[in-house]
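Visitor: Residues per chain are reported as follows:
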Amino acid sequence: MLIAFAISFSGCKKYFDVNTDPATPQNPESRTLVPPLFAQMERGVQWDSRYLGGTIQYFGGAVNVGESHGWLAASDALGEIWRTCYYGLGANISLIIEDSEKKQEWNYVGLGQSLRAWGWQITTDYTGEIIVKQAFEPNRFIFDYDSQEDVYAEVVRLANESIKNFSRTDGTGSVVKLASADLVYAGDPAKWIKFNYGLLARNASSTINKASYDPQKVIDYVDKALGSNADNFIIPNNGTIAADANFFGPLRANLASYRQTRIIVGLLDGTYFTGTAGTVIDPRRNNMITASQDGVFRGTNPNASDPGTVANANQIANPWGSLGSANPGAGNGKYLFKDKAGFPIMTYSEMQFLKAEAAFRKEDKQTAYTAYLNGISASIDFVSALGTAITTAEKTAYMQSASVKQSATDLTLKDIMLQKYLALYGYGFVETWTDLRKYNYITGDSKGNNPYLGTFVFPSAFSADNGGKPAQRTRPRYNSEYIWNIEALKKIGADKVDYHTKPMWFSLP
Amino acid sequence: MKKKLLLIFLGTFLLLAQAFAQQITITGKVTSSDGPIPGVSVRVKGTSVVAQTNGDGNYSIRALASDVLQFTYIGYKTVERTVGTSSVINVSLAADAGNLDDVVVTAYGIERTNRALGYDAQSIKGSDIASTQRDNFINSLQGRVAGATITSTSGTPGASTSIIIRGAVSLDGDNQPLFVVDGLPISNNTFSEYGLVGQGTFNRTNDYGNRGMDINPEEIETLTILKGPEATALYGTQGASGAVVITTKKAKAGTASVSYNNSFRAEIPYRFPEVQTVYGGGAGGIFDEEVRTRTYFGAKYPNRFTRYDNLDAFYKTGWTQKHNASIEGGTDKLSVRLGLSYTNQEGVIKGTDYNTINAKLSGTSKISSKISMNASLNFISSKTNKTYKGAGSPMLSVLTWPVVDDIRNYYTATGDRRTITGSLSAELDNPLWAMENNPNWDKVNRVISNVGFNYRPTDWLNFQATAGADVYAMQGLGAYHPQSYNANVASTTYGGGGINTFNDNLRLFNGSFVATIKKDFGKFKPSFVAGYDISDNLEEINSQFGTKFYQQKFYSLNNTDPTTQRVAYQSILKRKMGVFGQATLGYDDLLFLTLTGRQDFSSTLPIDNYSFFYPATSLSFVFSDLPAFKNASWLSSGKLRASWGQSGKDAKKAYITKTSLIPQTTTGGGFAVDVTLGNPNLVAEFTTSSEAGIDLSFFKNRLSANFSYYKIVSNGQITAPRLSYATGAILEYINSGKVVNNGFELVVKGSPIRNKDFSWDVTANVTRARGKITSLPADQQTFYVSDTWLFDNVRRQYVVGSSVSALASMEYLRNNNGDILISPSNGLPIRSTEWTQIGDTAPDIGIGIINSFSYKNFNLSFLFDIRKGGDIYNATELYLYARGMSKRSLDRETPRIIKGVLRDGLENTATPTQNNIVVVPYITTSYYSTAFNTLDFIEKDINWIRLKDITLAYNLPKSLFARTNVFKSASVFFTGTDLLLLTNYKGVDPSVNGLSAASGGTGGTGIDYGSFGQPMGFNFGLRVGF
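Top to bottom, those sequences are chains F and X.
According to the numbering used here, the stretch in the first sequence is residues 5 to 513, in order.
According to the numbering used here, the stretch in the second sequence is residues 13 to 1038, in order.
One or more hints might be untrue.
Said to hold, decoys possible - Examples of chain F residues toward chain X, derived with CB under 8 Å:
id, residue
1, Pro26
2, Gln30
3, Ala78
4, Tyr90
5, Gly94
6, Asn96
7, Val300
8, Phe466
9, Arg481
10, Glu485
As the list claims (entries may be wrong) - Restricting the straight-line Cα-Cα distance to at most 25 Å, the calculated cross-link-like pairs of lysine to any residue (SDA-like) are:
id, chain 1, residue 1, chain 2, residue 2
11, F, Lys137, X, Asn693
12, F, Lys495, X, Thr794
13, X, Lys560, F, Gly335
14, X, Lys750, F, Asn143
15, X, Lys980, X, Pro969
16, F, Lys137, F, Val160
17, F, Lys344, X, Gly508
18, X, Lys712, X, Val270
19, F, Lys495, X, Thr848
20, F, Lys500, X, Ile842
21, F, Lys106, X, Pro692
22, F, Lys344, F, Asn242
23, X, Lys664, F, Tyr19
24, X, Lys670, F, Lys500
25, X, Lys665, F, Ala27
26, X, Lys670, F, Val501
It is worth saying that the hints were derived from the structure and are not from the lab.
Cβ coordinates follow ideal geometry from the N, Cα and C atoms, glycine included.
Modelling step: build the complete structure from the supplied sequences, incorporating the hints.
Guide: Given below as structure tokens:
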């Protein structure tokens, strides 16, 4: 009998080693983990744009506290980028890097590093101090915050690591192996390297107020970054069912009550470039926004609802082009606000404007001017593909119009920043906010540049908690940090009621 | 591994080559003052040879002349007789209120005398359980057992019932005890909606029955609740929350005896939420003449409107019939028993019913004087048609149906769903329409088998091997008609009508092997138990989901749009094994020391930490046998006992040592990490319990008392708290948190009157269980169970110092002085967005009082269940209040100024502005709909007294049927269940669960949201023996 016991124990360990789920995979494979990362990136930006879009005045209609620069207590609203960074990408990227390092799939490792760099960059630009050094550390339950400066440095490190990994030719990570999972660049390492340089360019250009700011660095990065619209980082959306449709499309039905804004209308009809409304009609206008029933293009003022009183006359359209908060139905919509529209994370146009701004600040006006023209031209081509095609004649007419400066000497920083603002409409939410904040909205930067003055206006009143100050940051996600990491939060002052008006590190000299 | 197991069993039987000895057959009759006693165990002392008396009290057993026969029956004094030369031994047993020589069935069917037990174990006779006529027998235990808290999910047929022994220990995990039938664990699963295709209402709106209810109460011989540390240490990880040990009726030898009983029950609902019938539909005091709203803030109904009793139309009288039959007989070498049961229950809600067939065949065979075997096979088939509960349920709908509209008109002329508002998506389904058009059922086919071998080579050595399987296939369907609210509301997942189905296949293999050595050395009476057990549990769930029905009112997945169809699959394998040893060192029947140790192995822990050991010990001291007390006539017996033990728990869930990857439906598909991170560093969690108690009986056992005090400390729980997302996910499995439970149990039994014709026995069971959380997972400040967040902002939330049944909510904002802050814009209070602790649903004390009287041929017994304290969240009332249907909103025309200060910036200065804004709720309806104070609906300190059951039975005098040879005995009975409920609770029934028994922690206990109370049940029936 005892012998029988002894025999049975020797095989025990094997008998009990059955704790792997046969129904749900638990052994990660980079190839299957990659596609959802893109959906998560898009999710973070688009969800939060419902509020941020109001703050930066891409969206109007006084739908929520975004337009009055406010915040929502005890709510996860405005915390989706946080979720994307730590959960949507979070452990998934760690698993990809771990798995692919083992398998020596350097391109997968590079992809993981690149998207993590993107995550840190957008989250810090959106939130300020975030958790980086202690993030994802096993057996840790309290996570300390890192300064934005440290986060910026980590982005640089990671992007460079990623470039190195995408440059490697050893290992087992072939283009073909990555292609099926890589919904954006189909495994093309050259494009990923460009994307990384794009991240570095963004990173280097945000710090204009800092002594360390080096415009040449931005120019160098841009020159290695996206080289044309073909290099644009665009996340595809199948748009067949709710789960795989663009969050901005009519199928998801999230934008019905938003309105197009005065500032976008004014940028597209020449008001803010020429000083007179209607002098130059931008060829992009019909693809990007919609006229009221009476044919007049209108937009809402900050934190004001649609003043249109007469149905089918002066009501202002929502981003889908429908009046009276109507949903045009699945498959419809316009510009980037369609079920099947891809969502841009980075465009060639944005890169050129980054270069134009840096060159301008470097007082290399000729370089700035060329980049400025490239940026506008690329944006027109980009918008053209999203609706009715813009003819070469229309484009040429615009390029030669009063809305576009005709010589390097006439170029102002305002021209660059407003064209960038317009080009990034509907996707570059955080990037545009960064621009607005680094120039301190309508106060100007430390050198006295004040490109948004006279164009961007604040709402008539800020949210009560703001103490009269505009929003400078969002809070870390409520259900992540305010309940489960409050001690660390208190150390950075995020428990204060006006924490969201505390200027960013990059805004300060 | 399995082969090795087989080897062990074979090895056991190779040792069977032992000679048979000279035996004789002894027969006899066992009686008491009330007549013959069926079911008395007649045991050849020191062996496993057991017979039972049949319906006439007759028995037959084979034994050696030198053997001693032991006659034991719960509630009676054990009698021993030496066989000698007599072949007929008749015995009369004396009733006993509490006897140290009672035999208690402990773990693995090990029978021990009460004397040796160092812990409390309370036993109940099966007939007491069966006579309550409960379909789910667990409901009969409330008040009958000290230390167990029983909560039925609802009063509808097939509802699940939760049982928690000595307080909940696990914050969010399973606190249900282990169910053991004839020595082997069986499944008491309640199907959890986490097994369905991605639905968000997890166990909130549906219930699937706890599978322990498949046990036929008529087949239970005895039931023992094992609560203490030492008791459960033997069952290891599975028994860490206690164990319900059931011994079923065994075949009795003799000529075939047949018994039959039936019961016919009428169920009548009798407690309803009250609704106002004064104010009609509309808003702001403006009456909607055509009544097109389901909110009632309009003017008073004009007199010309007819009022309808819609609740009455919704409910009906429920009818149940039950038939039980058994046949048994055979020789002492081989006897068989067949128990059959059929139940057909129609609930008090139209369309709800529960049908079950239960057949159990068992046999006992004596292969030799040393070897015996028993086997049983139990087949159960049941189907339950259910109603949804909670949010969107028929209950909430009937209460908010206009009282001036006849709820019975629920179809339009064209056969469509008739609505009040004219919109399919704007209002809940008419409840009668819903019961007809939104099917919701589950069915189960189950086989439980059990085979046991006993080999006793010598009188001091015994081997018992038991193996069995519990296999069931459960199938369920829940669907919404295309015209249902749930198929049309904006957030629906059931667009165009939808269906959710599942198949849940469970198979549980169990085996155990126990060797017992018992030898007396003079005054030293040691006994040793060594054994091991193994359990292999596989549950596989396939679930399917589809929407957009092609044909209306045809509920099959084949009728859904293929592009909407989704499936989910779960396969959960858990393997456990334990090796244990127990030594009981007895001295002179006076002092018993028991030492227990167990090494457990579990597949749900990381393979490097998969094995763990824990000890237990107990001491029993029968001080009444000391010379000082021996001659005290008032003291019949007295025992002091103490025990201490640990029990280790593995992870309740399989596969949590690694992170799961969840398929994604976003563009490009693929997988992403689950919201909960796995943890490869988990270790077993440990619970340390200590217990001390005293058992006393006085005046020749006419009065007895058992008292136990216990403390249970559970540390390093495996739980999944929410953490900072910086972990990489949203929750994570970790070992942490500490919960301390303590309490006491007191059982007092007395027999105030014991005459030839009249006797009166009374038992009181007193339970107190208090839990306190001394540290929360990851040292966080709060921990909440999101499934309990049923309605408005109330949920089970814990802070350090609270119990596992605490509730939290959001209160009104107040200034530093404690005044309520009032909004200057509307004069209404402002609700905080911070969670604060607001109550605890755990009662202070629970008392069950059982009285039984017998007078000649009449027997009357009844059980009062009394509870004091504990809060109940009356969410149903809040739901009505916010819609203007609550009677609490009848004073709506009275203008009022809410006492408080305006939040105008001066609220925290020395001179805050007192509120002076007059509010007339009649006009400002947000007074009810949004500015309510949730705390008003947390009903504090709820007490109740309920007449859980009452049975009056009359045994027909033998003379009536003495001349016919057909009947041997006959009795008729009446049993009433839940006939009376006295409570300060304003809602329907404070014994309520907002979730189901499938939920973790303390679940939705004490949360009353659209649930159905227990109806009154009137049972009539007869029992006959042939």
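Visitor: Give a verdict on every hint.
Guide: Structure-based check of each hint:
1. Using the Cβ-Cβ criterion of 8 Å, the hint placing F:Pro26 at the interface with chain X is satisfied: the shortest such distance is roughly 5 Å.
2. Hint status for F:Gln30: holds, given a least beta-carbon distance of 4 Å to chain X, under 8 Å.
3. Because the closest C-beta pair between F:Ala78 and chain X is about 4 Å apart, less than 8 Å, the hint holds.
4. Checking F:Tyr90 against chain X by beta carbon gives a least distance of about 4 Å; that is within 8 Å, so the hint holds.
5. The restraint placing F:Gly94 at the interface with chain X holds, with a minimum CB-CB distance near 4 Å, inside the 8 Å limit.
6. Evaluation of the F:Asn96 hint against chain X yields a held restraint, the C-beta minimum of about 5 Å falling below 8 Å.
7. Restraint check, F:Val300 versus chain X: the minimum CB separation of about 33 Å is more than 8 Å; hint violated.
8. Interface restraint check for F:Phe466: the shortest CB-CB distance to chain X comes to about 16 Å, outside 8 Å, so the restraint is violated.
9. Restraint check, F:Arg481 versus chain X: the minimum CB separation of about 6 Å is within 8 Å; hint holds.
10. Restraint check, F:Glu485 versus chain X: the minimum CB separation of about 6 Å is within 8 Å; hint holds.
11. Under the criterion of a C-alpha separation no larger than 25 Å, the hint pairing F:Lys137 with X:Asn693 is consistent with the structure, at around 22 Å.
12. For the hint linking F:Lys495 to X:Thr794, the alpha-carbon distance of about 20 Å falls within 25 Å, and the restraint holds.
13. Our distance criterion of 25 Å between C-alpha atoms is met by X:Lys560 and F:Gly335, whose separation comes to about 20 Å.
14. Between the alpha carbons of X:Lys750 and F:Asn143 the distance comes to roughly 18 Å, so the proposed pair stays at or under 25 Å and holds.
15. As the CA atoms of X:Lys980 and X:Pro969 are separated by approximately 10 Å, the hinted pair is consistent with the 25 Å bound.
16. Taking the CA atoms of F:Lys137 and F:Val160, the gap is about 14 Å. The hint holds against a cut of 25 Å.
17. For the hint pairing F:Lys344 with X:Gly508, the CA-to-CA distance comes to about 24 Å; that is within 25 Å, so the pair holds.
18. With a C-alpha separation of about 37 Å, the suggested pair X:Lys712 and X:Val270 falls outside the 25 Å cut-off, and the hint is violated.
19. Restraint check for F:Lys495 and X:Thr848: the C-alpha separation of about 23 Å stays at or below 25 Å, so the hint holds.
20. At most 25 Å may separate the alpha-carbon atoms for a hinted pair to count; F:Lys500 and X:Ile842 meet this at roughly 20 Å.
21. A hinted pair counts as satisfied when its Cα atoms are at most 25 Å apart, and F:Lys106 with X:Pro692 qualifies at roughly 19 Å.
22. For the proposed pair F:Lys344 and F:Asn242, the alpha carbon gap of about 5 Å is at most 25 Å, so the pair holds.
23. Restraint check for X:Lys664 and F:Tyr19: satisfied, since their Cα atoms lie roughly 18 Å apart, inside the 25 Å limit.
24. Distance check on the hinted pair: X:Lys670 and F:Lys500 sit about 38 Å apart at the alpha-carbon level, beyond 25 Å; violated.
25. Only pairs whose Cα atoms come within 25 Å are accepted, and X:Lys665 paired with F:Ala27 is accepted, the gap being roughly 14 Å.
26. For the suggested pair X:Lys670 and F:Val501, the alpha carbons sit about 40 Å apart, so the restraint of at most 25 Å is broken.
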